[in-house]
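Given only the sequences and the hints, what does the whole structure look like? Please build it.
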Amino acid sequence: VIGMLNNLVCEVACSFPDLFYNQAPNDRAEMKEFGAASTMCMRSYGVTGLAAAEHGIPFCSMQAGHLSGGRISYEVSGDMLRQLTSNVAELAERLNEAPQP
Numbered sequence: 005v006i007g008m009l010n011n012l013v014c015e016v017a018c019s020f021p022d023l024f025y026n027q028a029p030n031d032r033a034e035m036k037e038f039g040a041a042s043t044m045c046m047r048s049y050g051v052t053g054l055a056a057a058e059h060g061i062p063f064c065s066m067q068a069g070h071l072s073g074g075r076i077s078y079e080v081s082g083d084m085l086r087q088l089t090s091n092v093a094e095l096a097e098r099l100n101e102a103p104q105p
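For the sequence shown, this note's numbering begins at 5 and goes up steadily by one.
Every clue listed holds true.
Derived DEER-like restraints, expressed as beta-carbon distance ranges:
| id | residue 1 | residue 2 | range |
| --- | --- | --- | --- |
| 1 | Ala57 | Asn100 | 25 to 31 Å |
| 2 | Gln67 | Pro29 | 32 to 38 Å |
| 3 | Leu12 | Gly82 | 28 to 34 Å |
| 4 | Ala33 | Glu101 | 26 to 32 Å |
| 5 | Asn100 | Cys45 | 16 to 22 Å |
| 6 | Pro103 | Glu58 | 36 to 42 Å |
| 7 | Gly82 | Ile6 | 21 to 27 Å |
| 8 | Asn100 | Arg75 | 35 to 41 Å |
| 9 | His70 | Phe24 | 32 to 38 Å |
Honestly, the hints are just simulated from the structure, not real lab data. Glycine included, each C-beta is placed from N, C-alpha and C at the ideal position.
Structural data, given as structure tokens:
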């Protein structure tokens, strides 16, 4: 399933490059890595978003550890939270630098 998702992301990136923040590479091997990295990021945000929504906690204020009490128990990784926070900060910085219409 993950491989299929990676391939679909690569197809979309080739057909609609403006949907992605980073430009998709032309090299086939690098494109596979691009697809895998993109879906990993999407899946991480998805799972963290589900946990945040279910427990009413914005992910930016989550703490590493075990989160339970909802339908699913979540193991929240400090490394993952740092990476998600870094991704959001980088996106915000780039958006602030973007030319205004």
